[in-house]
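Now for the letters of each chain:
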Amino acid sequence: MASDSPNPNDRPKASWLQIFLIGRNPKVTAIRLLVTAGLVVGYFRWMALPIQVTGISMEPTYHDGQRTSVSRLSLRLHPPVRGDVMAIRTTGFHNLLLKRIIALPGERVHIRRGQVFINGEPLDEPYLIKKAPWNWPRDLEDELIGPDEFLVIGDNRGMPQDRHEFGIAKRERLVGRANR
Amino acid sequence: MSRGFFRIIGSLMVLGIVGLWVLVRPTESRRITRTLEALAKEASFRPGEGQLRRLARVESFANAFTEDAVIHFETLGIPPAQLSGRDEIRSLAGAIQILQGGMDVQLFDPVVTLGPAEDTARVYLTASASSGKQEAFTAQEFEFRLVRRDGTWRIRELNTVKTLRR
Numbered sequence: 000m001a002s003d004s005p006n007p008n009d010r011p012k013a014s015w016l017q018i019f020l021i022g023r024n025p026k027v028t029a030i031r032l033l034v035t036a037g038l039v040v041g042y043f044r045w046m047a048l049p050i051q052v053t054g055i056s057m058e059p060t061y062h063d064g065q066r067t068s069v070s071r072l073s074l075r076l077h078p079p080v081r082g083d084v085m086a087i088r089t090t091g092f093h094n095l096l097l098k099r100i101i102a103l104p105g106e107r108v109h110i111r112r113g114q115v116f117i118n119g120e121p122l123d124e125p126y127l128i129k130k131a132p133w134n135w136p137r138d139l140e141d142e143l144i145g146p147d148e149f150l151v152i153g154d155n156r157g158m159p160q161d162r163h164e165f166g167i168a169k170r171e172r173l174v175g176r177a178n179r
Numbered sequence: 000m001s002r003g004f005f006r007i008i009g010s011l012m013v014l015g016i017v018g019l020w021v022l023v024r025p026t027e028s029r030r031i032t033r034t035l036e037a038l039a040k041e042a043s044f045r046p047g048e049g050q051l052r053r054l055a056r057v058e059s060f061a062n063a064f065t066e067d068a069v070i071h072f073e074t075l076g077i078p079p080a081q082l083s084g085r086d087e088i089r090s091l092a093g094a095i096q097i098l099q100g101g102m103d104v105q106l107f108d109p110v111v112t113l114g115p116a117e118d119t120a121r122v123y124l125t126a127s128a129s130s131g132k133q134e135a136f137t138a139q140e141f142e143f144r145l146v147r148r149d150g151t152w153r154i155r156e157l158n159t160v161k162t163l164r165r
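So the protein sequences, as listed, match chains A and B.
Residues in the first sequence are numbered consecutively from 0, following numbering that gives the first Met the number 0.
Residues in the second sequence are numbered consecutively from 0, following numbering that gives the first Met the number 0.
Chain A with its partners taken away, still in its complex shape (with noise of 0.2 Å):
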């Protein structure tokens, strides 16, 4: 006897558009697509952005051209500490400064003939090439670094100092660590 219900098999066949469009699956598509944007969209915020090195002030470690990432998630997971390359931002993420972390909260710090001198004792740097008679601050006092503030500067020290951006940062303008 056969019987009357329908096959679930005899559903009207996808058409090659659909199939190419949202596959056979509307909904199984639409959560694929969610998730992966959701993914995507997680990755470059939260965890790494890939930047595009421009300029000279980071040189030996990073060349003008390179193209590299920073890592959110890492500053997320471990607080800033002296010597990691920084990713600086300005008023967003298009444009970012790219600088070591030379001096932390809370410590006196001065630059004497291109020497830094941190709490009085002077600061090994050892990815330092070239160091420029730098005289920093002015006035030949020790600058104090404020309590979410990060003294950060290039590693070209070759540079005259007028021509190389460097200070202090405040702890809301760290984006994350740069990756090599």
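Among the hints, a few may not be true.
[What the hints assert, rightly or not] Below, computed lysine-lysine pairings styled on DSS-like, alpha-carbon distance capped at 30 Å:
#1 B:Lys161 / A:Lys130
#2 A:Lys129 / B:Lys161
#3 A:Lys169 / B:Lys161
[As the list claims (entries may be wrong)] Some chain A residues near chain B, calculated using beta-carbon distances under 8 Å:
#4 Gln17
#5 Thr90
#6 Gly91
#7 Leu96
#8 Gly119
#9 Arg162
For the record, the hints were derived by calculation from the structure and aren't laboratory data.
We put the beta carbon where it would ideally sit given N, CA and C, even for glycine.
Guided by the hints, dock chain B onto chain A, whose structure is given.
This is chain B only, laid out in the frame that chain A set:
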């Protein structure tokens, strides 16, 4: 084609229209951003542009400022400068226009804060400028203070902002 297919296409279209409206609906913040984008466009020019076009640019650039506007400019490698009044701004814009390589000014990440009556505003943004292959400055932050007069937003004060304090 199945009903699910049409439902999804319909939902995407509704989402697209709502998204488009959110993106383009006119607000004061958006008008200000457009004013500043127009300013960047007027500040940019290609080498070999005609004299009349350049003069029109200079005039349009200067008109984006109030008569008593003030500019404080201090960035790496350029001596600090202060300009007072639209005439001085017009003169500087005219002087820049004679650069041989042209000039390209771009603005990024504007943050607009409107005053309580929405007739004043403060905008922080990042700008870059290059002349030919040479960067005049990259990633320089600016603070714009604007005022709305007769329905038009004009810049009353423009200051450079230091990303890193020294």
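(message) Please list, smallest to largest, the hint numbers that this structure does not respect.
(response) 8
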